[in-house]
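Engineer: If you read the sequences in order, they're chains S and D. Using this note's numbering, the first residue of the first sequence is number 121, and each one after it goes up by one. Using this note's numbering, the first residue of the second sequence is number 121, and each one after it goes up by one.
Heads up, a few of these hints could be off.
Given that identical chains are not distinguished, each listed pair holds provided it fits within a single copy or across any two copies.
What the hints assert, rightly or not - Cross-link-like lysine to aspartate or glutamate pairs, in silico, EDC-like; alpha carbons within 20 Å at most:
1. K441 with D322
2. K126 with E190
3. K521 with D556
4. K527 with D133
5. K126 with D193
6. K441 with E525
7. K521 with D133
8. K441 with E478
These aren't lab readings, by the way, just hints derived from the structure by calculation. Please read these numbers as outputs of a predicted model, since none were measured by experiment.
Number of protein chains: 2
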Amino acid sequence: MTRRTKYLLDESDLPTQWYNIVPDLPEPPPPPLHPGTREPVTPADLAPLFPAALIEQEVSTDRHIDIPAEVLDVYRLWRPSPLYRAHRLEAALNTPARIYYKYEGGSPAGSHKPNTAVPQAFYNAQEGITRLTTETGAGQWGSALAFAGAVFGLDCEVWQVRASYDQKPYRRLMMETYGATVHPSPSDRTAAGRAVLADHPDSPGSLGIAISEAVEVAAADPGARYALGSVLNHVLLHQTVIGEEALRQFELAGDRPDLIIGCTGGGSNFAGLTFPFLREKLAGRGTPVIRAVEPAACPSLTRGVYAYDFGDTAGLTPLLKMHTLGHDFIPDPIHAGGLRYHGMSPLLSHIYHLGLIEAVAIGQSECFAAGVRFARTEGILPAPEPTHALAACIREALRCKETGEEKVILTALCGHAHLDLPAYGRYLAGEVVDHDLPEAAIQDALARLP
Amino acid sequence: MTRRTKYLLDESDLPTQWYNIVPDLPEPPPPPLHPGTREPVTPADLAPLFPAALIEQEVSTDRHIDIPAEVLDVYRLWRPSPLYRAHRLEAALNTPARIYYKYEGGSPAGSHKPNTAVPQAFYNAQEGITRLTTETGAGQWGSALAFAGAVFGLDCEVWQVRASYDQKPYRRLMMETYGATVHPSPSDRTAAGRAVLADHPDSPGSLGIAISEAVEVAAADPGARYALGSVLNHVLLHQTVIGEEALRQFELAGDRPDLIIGCTGGGSNFAGLTFPFLREKLAGRGTPVIRAVEPAACPSLTRGVYAYDFGDTAGLTPLLKMHTLGHDFIPDPIHAGGLRYHGMSPLLSHIYHLGLIEAVAIGQSECFAAGVRFARTEGILPAPEPTHALAACIREALRCKETGEEKVILTALCGHAHLDLPAYGRYLAGEVVDHDLPEAAIQDALARLP
Chain S
121 MTRRTKYLLD ESDLPTQWYN IVPDLPEPPP PPLHPGTREP VTPADLAPLF PAALIEQEVS
181 TDRHIDIPAE VLDVYRLWRP SPLYRAHRLE AALNTPARIY YKYEGGSPAG SHKPNTAVPQ
241 AFYNAQEGIT RLTTETGAGQ WGSALAFAGA VFGLDCEVWQ VRASYDQKPY RRLMMETYGA
301 TVHPSPSDRT AAGRAVLADH PDSPGSLGIA ISEAVEVAAA DPGARYALGS VLNHVLLHQT
361 VIGEEALRQF ELAGDRPDLI IGCTGGGSNF AGLTFPFLRE KLAGRGTPVI RAVEPAACPS
421 LTRGVYAYDF GDTAGLTPLL KMHTLGHDFI PDPIHAGGLR YHGMSPLLSH IYHLGLIEAV
481 AIGQSECFAA GVRFARTEGI LPAPEPTHAL AACIREALRC KETGEEKVIL TALCGHAHLD
541 LPAYGRYLAG EVVDHDLPEA AIQDALARLP
Chain D
121 MTRRTKYLLD ESDLPTQWYN IVPDLPEPPP PPLHPGTREP VTPADLAPLF PAALIEQEVS
181 TDRHIDIPAE VLDVYRLWRP SPLYRAHRLE AALNTPARIY YKYEGGSPAG SHKPNTAVPQ
241 AFYNAQEGIT RLTTETGAGQ WGSALAFAGA VFGLDCEVWQ VRASYDQKPY RRLMMETYGA
301 TVHPSPSDRT AAGRAVLADH PDSPGSLGIA ISEAVEVAAA DPGARYALGS VLNHVLLHQT
361 VIGEEALRQF ELAGDRPDLI IGCTGGGSNF AGLTFPFLRE KLAGRGTPVI RAVEPAACPS
421 LTRGVYAYDF GDTAGLTPLL KMHTLGHDFI PDPIHAGGLR YHGMSPLLSH IYHLGLIEAV
481 AIGQSECFAA GVRFARTEGI LPAPEPTHAL AACIREALRC KETGEEKVIL TALCGHAHLD
541 LPAYGRYLAG EVVDHDLPEA AIQDALARLP
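Just chain S, with the same shape it has in the complex:
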């Protein structure tokens, strides 16, 4: 067989449906609850925040949902994304394992986030909404929504976690180039932000606080809606184009993965790649092990509890049954800003609870070492988030070197690091440290579960 570096699909092979895993699970995921009544939330409860089409997708039990033609037209700017065989990394590791990576960094915003930003903007525009609000941490989600807003003519307003706003100005500049407005969070524009600033004028912010601000603003403006970049069912749904493409690309490669690895923050990138493979596994086609990798500084799956909790710090969202470290847990300032979220997607938490996937937590210095090794062999500079998956991948490849096993490993390379280069600079200067996370910090936050 000819040595191939990448497996491409023609744009005519772009998936035309998203895959909803819910009907294929042995039991349905627990519903979100209204924080006042503790009854399941109704579509009407969500209407001030999301357009009807997305609410429908959020609760859908249809196995497949058609991707609108207008969304496919925009997807074609960068999709189908390539599946790579990491020949050079394999050679550098001297491993018999075969390593593949599905690369999402070729999108306009440089990550997997536009896969859901584009349909979210489309459905909002279709229902007459003119303004979107959202939060962003490192900025991958904010820049994806800014791009999607530009495409569908929506005003986009982003609350960016203060620490990232200050440390990663390039991301803000990207959002502004796409036409978005960016505020540092906490801001004085919302009651939630002012409350935090009153107690902590120098607050570096958190994703939970920024969500509170964006939700508050959207709820108060009938022409506005809120958009979330991970966690929710409809977001994970949109990301399944990644896994659907990868399945077809493995057919082209004449191979099949034994182990699938992805990083998890809110869970959407991981779910997007793995759910279609999990469907096949549940149907008896293939037996891949599916492994989530989270940062040791924010280990919601491996050290959190599975309980109902708020999605945001101020407690404005419905209660979500999820693996959580507590809604007011503030993770240490690791460089993988996209993984600094106190909770985990309820759907993914449920699947973990069912024992269908496994999880591991890795400290950031090992992850950066993996990122540098990857850059110097495969060329692509991986964002700090997917270096977590790469670190787990390299661990496994080195294990195979010991055992001689020709394991096939597939990993999700969900974005590039072009706008995260100061983090690599810190690593190369020996300034990146692993954060020892005391159990007491987690227990303290968990004591305040609603």
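Place chain D on chain S using the hints.
Structural biologist: Then chain D, alone, in the frame of chain S:
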């Protein structure tokens, strides 16, 4: 015909030969001269700076040169690159023109530069060289060579123009992540650098000065060679993979360009796209107009003279017959650092002199406006350099709107702006100005031609 957004080639369709335009020209280009004797330089003169394989390519009159298998293996990490049809830009402009762009920003370093960095590193490694020196302005070339050095195990040392070193730290971080060492230029590590610093301790540097430093260091170390990212024949040769792919992609599209537009700094990106089309035109297959776009602040083709001049400021290089603004002309600090070079590739200058291509100069504010328009429709953020080509492309598309002409325009999108976002920030803040270039400044520098 189905509406298509991009035309992809399989990696098995990657060109296996570079195209050398020299034998197809009506007259050969004037040779480089030794500055002392004013006689044509010999391969022996160049041996301290370049490996034998590249010197051979520099003077070759073979029409096609095989691409080594090791180079093809690395090219496959990102090649063939996509040819896009800019449907969304066309719609926004309401033009009957059909606009295509060949995108090179998907390479590891984010521009067309790795197309030549990889073979240059390969040939050096093959001849036992262990260290490469080079200059870089904005940093696209330096990061490409840093990547190529990592792939072939060469130490890579880069002199980066001081102004860019200070203003664009992300580029330096990218080079360092690939393992390169970066010095701001002028530096105190070379006689050339120290001479500049003695007169101008705060010198912002220039490409000409940085070239002097890198050349001086390479010439003094038998294990080192110098690598240049544009201007020379072998560099333009390596870039012709761009145009060869584009020719095949136009066949797939069932279309052919009437007008081909590229930006010119040293000329390699422009030559890479256009030379294969020019070959076809010279052979009577197609009649595209071929237009170079240069910055109004550094207009070597449109306002320079065609004369023998040095390639660097200190006068260490051979004399090159080229369009030049004078080797000690320091262009105003426009944001397109890659276009701030006093000269133009001798081969491209010769072709311009023969009347085979045309040229136009555009001010940077119009270019940034084009870049923002492009980002908000097509998604990709164009580097400041190719916004010059996009500005010319939009001019033409709007002309077609007036005339109703369905002109087919092909433009070279040679890189993304992820590491140039501060320039967009300045533009959005209204701080980008066009530089009025007094004729006296050029005449002053030309008075010192060697």
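Engineer: Among all the numbered hints in the text so far, which are the ones the structure does not match?
Structural biologist: The structure breaks hints 1, 3, 4, 6, 7; every other hint is satisfied.
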